[in-house]
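Chemist: Residue strings, one per chain:
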Amino acid sequence: MMNEFDIMNISATGMSAQRLRVEIVSTNIANAETTRTETGEPYRRKVPVFAEYLRRAKNGRIENVGVRVVQIKEDPSPFKLVYDPTHPDADENGYVRMPNVNIVREMVDLINAQRAYDANVAAFNVTKNMVSSALQIGRG
Amino acid sequence: MFNSNFYTLKQAMDVSLLRQKVYSLNIANVSTPGYKRKYVAFEEYLKESEMKLRLSTTNEKHIDSSKRDITPRILTQNNTTMRNDGNNVDIDYEIVQLVKNGLRYQVLTRLMSLNIDRYNAVLRGVR
Numbered sequence: 001m002m003n004e005f006d007i008m009n010i011s012a013t014g015m016s017a018q019r020l021r022v023e024i025v026s027t028n029i030a031n032a033e034t035t036r037t038e039t040g041e042p043y044r045r046k047v048p049v050f051a052e053y054l055r056r057a058k059n060g061r062i063e064n065v066g067v068r069v070v071q072i073k074e075d076p077s078p079f080k081l082v083y084d085p086t087h088p089d090a091d092e093n094g095y096v097r098m099p100n101v102n103i104v105r106e107m108v109d110l111i112n113a114q115r116a117y118d119a120n121v122a123a124f125n126v127t128k129n130m131v132s133s134a135l136q137i138g139r140g
Numbered sequence: 001m002f003n004s005n006f007y008t009l010k011q012a013m014d015v016s017l018l019r020q021k022v023y024s025l026n027i028a029n030v031s032t033p034g035y036k037r038k039y040v041a042f043e044e045y046l047k048e049s050e051m052k053l054r055l056s057t058t059n060e061k062h063i064d065s066s067k068r069d070i071t072p073r074i075l076t077q078n079n080t081t082m083r084n085d086g087n088n089v090d091i092d093y094e095i096v097q098l099v100k101n102g103l104r105y106q107v108l109t110r111l112m113s114l115n116i117d118r119y120n121a122v123l124r125g126v127r
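Quick note, the sequences are listed as chains C and U, same order. Everything in the first sequence is counted per this note's numbering, starting at 1 for the first residue and increasing by one. Everything in the second sequence is counted per this note's numbering, starting at 1 for the first residue and increasing by one.
If you're looking for bench data, these hints aren't it; they were derived computationally from the structure. Glycine included, each C-beta is placed from N, C-alpha and C at the ideal position. Be a bit skeptical, because a hint or two may be false.
[What the hints assert, rightly or not] Computed beta-carbon distance windows for the label pairs:
| id | chain 1 | residue 1 | chain 2 | residue 2 | range |
| --- | --- | --- | --- | --- | --- |
| 1 | C | 47 | U | 14 | 12 to 22 angstroms |
| 2 | U | 103 | C | 47 | 33 to 43 angstroms |
| 3 | U | 74 | C | 26 | 29 to 39 angstroms |
| 4 | C | 5 | U | 8 | 50 to 60 angstroms |
| 5 | U | 119 | C | 122 | 29 to 39 angstroms |
| 6 | U | 107 | C | 122 | 15 to 25 angstroms |
| 7 | U | 80 | C | 78 | 30 to 40 angstroms |
| 8 | U | 41 | C | 78 | 40 to 50 angstroms |
[Stated by the list, open to error] Calculated lysine to aspartate or glutamate pairs in the EDC-like style (CA-CA distance at most 16 angstroms, straight line):
| id | chain 1 | residue 1 | chain 2 | residue 2 |
| --- | --- | --- | --- | --- |
| 9 | U | 36 | C | 63 |
| 10 | C | 46 | C | 23 |
| 11 | U | 38 | U | 117 |
| 12 | U | 10 | C | 23 |
With the hints as constraints, model all of the structure from the sequences given.
Modeler: Rendered as structure tokens:
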């Protein structure tokens with residue numbers, strides 16, 4: 001059996017997962033022009049990998065308690081080549097390898113993450129109201 | 001008599017809480033690849049158990065065959081696919097269901113309160 005606070009925790013896992021997604025999108029946008037990273041390559045777009053948060057309950061059954069980010073992967077798609085011979089990182093033919101970040105795509109992702117975050121907040125608020133109405137029982 | 005109202009309301013509240021959990025889960029997993037939405041089946045079982053034949057009880061010592069405890073079940077909807085990632089959660093639908101469920105829960109707590117008030121009135125001897 002579950003209680004109200006477990007339900008609130010579910011919404012909390014949803015909120016923090018979506019917030020992490022916003023953070024990653026922000027990093028991607030911030031680094032959209034980064035041609036030099038520690039590895040010497042241009043910046044690679046990062047993607048969070050979401051999975052169901054499964055936990056073994058006291059009775060031994062596997063219980064789903066929300067969502068979690070299992071890893072942050074790098075997008076393996078190729079870098080963009082831009083012709084700019086004046087750029088310090090240009091190769092001998094004058095081409096610069098730019099990060100594989102697509103701003104439009106990141107914006108779509110950002111809006112999606114924000115909407116999902118809002119939905120989790122709404123769910124949390126409804127649960128909160130349920131608990132407070134249960135506390136009103138017998139108060140006349 | 002004393003028990004039945006409270007018992008029914010309690011069971012309805014429990015199911016409502018379970019539904020809340022399932023809707024919250026669906027919403028939390030809206031961007032999880034491969035996640036399929038879950039839902040609670042309860043009224044279906046309730047109806048089924050009402051329709052089943054009951055043994056007639058002619059003596060008060062006869063065992064009452066009507067089943068009181070119908071446990072709700074969490075089922076997974078596997079047969080629809082909405083998006084590329086195999087996730088079939090429709091966030092708008094889930095939010096609306098969740099809000100409706102929350103309101104229903106408040107109605108149930110109100111009924112529970114009114115129920116208690118009735119007994120209080122009798123015990124105190126006021127109208």
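Chemist: So, for every hint listed, does it hold in this structure?
Modeler: Here is what the structure says about each hint:
In this structure, residue 47/C and residue 14/U break the distance hint of 12 to 22 angstroms, their C-beta atoms being roughly 40 angstroms apart. The beta-carbon spacing between residue 103/U and residue 47/C, approximately 38 angstroms, falls within the hinted interval of 33 to 43 angstroms. For residue 74/U and residue 26/C, the hinted distance range of 29 to 39 angstroms is satisfied, since their beta carbons lie about 36 angstroms from each other. Between residue 5/C and residue 8/U the beta carbons are some 25 angstroms apart, a value that contradicts the proposed interval 50 to 60 angstroms.
Look at residue 119/U against residue 122/C: about 36 angstroms separates their beta carbons, and that is inside 29 to 39 angstroms. In this structure the hint that residue 107/U and residue 122/C lie 15 to 25 angstroms apart at CB holds, the actual value being about 20 angstroms. Remark: the range hint 30 to 40 angstroms for residue 80/U to residue 78/C is upheld by a beta-carbon distance near 35 angstroms. Judged by the Cβ atoms, the range 40 to 50 angstroms given for residue 41/U and residue 78/C holds: they are separated by roughly 48 angstroms.
Restraint check for residue 36/U and residue 63/C: the C-alpha separation of about 15 angstroms stays at or below 16 angstroms, so the hint holds. Under the criterion of a C-alpha separation no larger than 16 angstroms, the hint pairing residue 46/C with residue 23/C is consistent with the structure, at around 10 angstroms. Simply put, residue 38/U and residue 117/U have alpha-carbon atoms about 37 angstroms apart, too far for the 16 angstroms limit, and the pair is violated. In summary, the hint linking residue 10/U to residue 23/C is not supported, as the alpha carbons are separated by about 43 angstroms, beyond the 16 angstroms threshold.
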